[in-house]
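Order-wise, the sequence lines are chains A and B.
Note that the working numbering numbers the first sequence so that position 89 is 89, with each residue one more than the last.
Start counting at 1 in the second sequence, then tack on 1000, and there's your number in the working numbering.
Simulated from the structure, these hints should not be mistaken for laboratory data.
A portion of the hints provided could be inaccurate.
To be verified - Think about it this way: if two alpha-carbon atoms lie no more than 25 Å apart in a straight line, the pair counts; the simulated BS3-like pairs of lysine-lysine are: (1) A:Lys61 to A:Lys225; (2) B:Lys1015 to B:Lys1211; (3) A:Lys10 to A:Lys267; (4) B:Lys1010 to B:Lys1347; (5) B:Lys1132 to A:Lys188; (6) B:Lys1107 to A:Lys267; (7) B:Lys1167 to B:Lys1182; (8) B:Lys1107 to A:Lys188; (9) B:Lys1347 to B:Lys1211; (10) B:Lys1132 to B:Lys1167; (11) A:Lys188 to B:Lys1211; (12) B:Lys1107 to B:Lys1094; (13) B:Lys1073 to B:Lys1107; (14) A:Lys188 to B:Lys1094; (15) B:Lys1073 to B:Lys1094.
Residues per chain are reported as follows:
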Amino acid sequence: MRTELSTGKKTALYGLMCVLLIPFVFPTWWMVTSSVKPISDIFAFPPDIIPRAFDFSTYSKVFELQPFARQYWNSGYIAALVTLGTMTFSSMAGYAFARIRFPGANIIFMIVLLGLLIPAEVTIVPLFQMFNRLGMVNTHWPLILVPIFGAPSVFATFVMRQFFIALPVELEEAARVDGLGRFTIYRKIALPLARPALSAVAIFTFLHSWNLYLEPIVFISTPEKFTLPQALTQYTDAYGGAMWNIQLAAATLTALPVLIVFIVAQKQFVEGLAHTGLKG
Amino acid sequence: MAEVGLHSVKKSFGKVDVIHGVDVDVADGEFLVLVGPSGCGKSTLLRMIAGLETVSGGEVSIGGRVVNELEPKDRDIAMVFQNYALYPHMNVAKNMGFSLEHRGGSKSEIAERVAWAADILGLSHLLERFPKQLSGGQRQRVAMGRAIVRNPQVFLFDEPLSNLDAKLRVVMRSEIKALHQKLKTTMIYVTHDQIEAMTLADRIVVMHAGKVEQIGSPLELYDRPANRFVAGFIGSPAMNFLPVNVRGGRVLLADGSELADLGAAAPPDGDYVCGIRPEHLDIGANGAAARVEMVEPMGADTQVTVSLAGQKAHLLLRDRITSNQGDTLFVAVRPARVHLFDIRSGKRGN
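Work out the full structure, taking the sequences as your base and the hints as a guide.
Here it is as structure tokens:
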């Protein structure tokens, strides 16, 4: 039952939210404003909340110094493929673990979950050797295949399984009586109803792929094939010093799609989390 | 339409046997109700007919064809579930036409069948709505529409009215009965509500602990229950059970007072449990003395709780009475309305 808060409690709650807003919003605000400040103003103390001067040339320099559009495309299409692949595989695996009774299902699920406990740093060397043997180093294949079949997909499978477990069994039984087979039930009944969970998986996966850093620096060596997190580290002067304002302009452009995706899909994101019984 | 046969049907979940060899033959066009308390196996039996549970032993046949190994879709049955099981992402028309669509029906044929079913169930104005936009009764009707649209050989209902409030349940009960009269299709209906069973069924199967206790028409079960379980389960308020001694045809209570004289129809002398329905206990000038414990006027009837030879018993009277707590009444029962059950086996003795 929802209880109405008293005015005093409401004021305290909003006050707390205003205070919390500072650590959450300030870094983003600082990134965006610093991207249009001259370098000398960036580290001024106290920092300027509103820039004294606006220099938008940093944004054009982002594209001059590196094939940034190409790198943007690389990140975009890789994240899209990873998201699509993970949604497909995790929803099928999650459905199988939730609904199909087969010997050893629980043990197999536990083994799959173990994948979450192994850090990426531990598996990166054997993965490099494997992809090297397959001639896939300095291609985008490792950045696509590793997340689809790795830890992010395991987490997505867990999310989907939790959702499908909560789906009333009678819906599937009604579908069986209506004449549907197992795969058609998954495709026409379970999957359309799993939209909140799928949205959450999509956002998680997209974010993970978009932010992937370790794998690109291990597998990719050509700037044209770089993804954005890797490209951000390349905005340095002749002496290796960071070109802060240009780097922050690139960072702003990098963060933009993520922010847009989150703002657009935050309702599904929260619903998806609620279905898993997990908290963010 | 088709007859349904259950022959020595058994069901086990692991080592636990839940159905112990059920034999029932359902005639073509019959309305059969499976009734019993929770956990008696009635829903499991229905699900075995539907093909949603495997059959551990025996044979299930529909229309003379053994269907043990057939998938639900190949049995030509339709089922209405307790919680309706409507597809939330489809509107009413789509929900109703989904099975036809999946079976490759043409658009015009589907539209025609959906319109026909919607017309019968009064759903024509709701076809574009989604399940969440419907009331409980409307959802129930859509679930029935989804079943009838395919014109199956057998309808299966699994406690379809349990989620409705009391008033709506009565309305929907009448609608289901009217639907059966209109379609004349074989219907098998599961409920734990004996009033639903009595009002709807051509025949009732009373189940208890995975076994069939009795099969018969509603009035057969009411008038001549085969054992104490059926006697206690069928009828509302429930039958009174009193320990009695039968001597020379006379039914005597524990204090020696005479309840009825069965004459030649009496079973051999001995101790029995006597079952009397509350509505069959009459108040008169003669009979066994009973002390009034409680009077509950219900408008049309009055329920009176009395102490009869030290045992609590209920009377359901059509007339209003002026007696109060502590008063003494004389109660009697007509011999034809006395049910005697064996003390040990609980089987009918007269």
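Here is how each hint holds up against the structure:
1. A:Lys61 to A:Lys225: 19 Å, holds
2. B:Lys1015 to B:Lys1211: 17 Å, holds
3. A:Lys10 to A:Lys267: 23 Å, holds
4. B:Lys1010 to B:Lys1347: 24 Å, holds
5. B:Lys1132 to A:Lys188: Between Lys1132 of chain B and Lys188 of chain A the Cα gap is close to 19 Å, so the pair holds against 25 Å.
6. B:Lys1107 to A:Lys267: 36 Å, violated
7. B:Lys1167 to B:Lys1182: It holds: about 23 Å lies between the C-alpha atoms, which stays within 25 Å.
8. B:Lys1107 to A:Lys188: 18 Å, holds
9. B:Lys1347 to B:Lys1211: 15 Å, holds
10. B:Lys1132 to B:Lys1167: 21 Å, holds
11. A:Lys188 to B:Lys1211: The hint is violated at about 39 Å.
12. B:Lys1107 to B:Lys1094: 11 Å, holds
13. B:Lys1073 to B:Lys1107: 21 Å, holds
14. A:Lys188 to B:Lys1094: 12 Å, holds
15. B:Lys1073 to B:Lys1094: 18 Å, holds
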